[in-house]
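Please put together the full structure from these sequences, using the hints given.
With positions in the sequence shown counted from 1, the corresponding number in my numbering is that position plus 7.
Distance windows between CB atoms, simulated: (1) G65 - D28: 31 to 39 Å; (2) G51 - D28: 27 to 35 Å; (3) G65 - A34: 16 to 24 Å; (4) T25 - A48: 31 to 39 Å; (5) G31 - E11: 28 to 36 Å; (6) V59 - E11: 17 to 25 Å.
Hints were generated in silico from the structure; no laboratory data involved. Even for Gly, the Cβ is constructed at its ideal location relative to N, Cα and C.
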Amino acid sequence: MRTERGSTVKGLAIDRETVPDDGGRIAAVALDLAGRGDLTALAGDVAELAGVRSTATGREETLDE
Numbered sequence: 008m009r010t011e012r013g014s015t016v017k018g019l020a021i022d023r024e025t026v027p028d029d030g031g032r033i034a035a036v037a038l039d040l041a042g043r044g045d046l047t048a049l050a051g052d053v054a055e056l057a058g059v060r061s062t063a064t065g066r067e068e069t070l071d072e
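Structure, rendered in structure tokens:
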């Protein structure tokens, strides 16, 4: 799948954690991307999405909300 930002999604992994007592659901989603897109800008935009707790590109520190 190709993104609007010039990257190709080469892999996707989802790690669903157990449901806590408060009923909230947490999942870690890892995308393997290739291409010339700006990963730092993409991670920053994803961090702004509702429900996203943090993002990282593997190149720098985690971007928290």
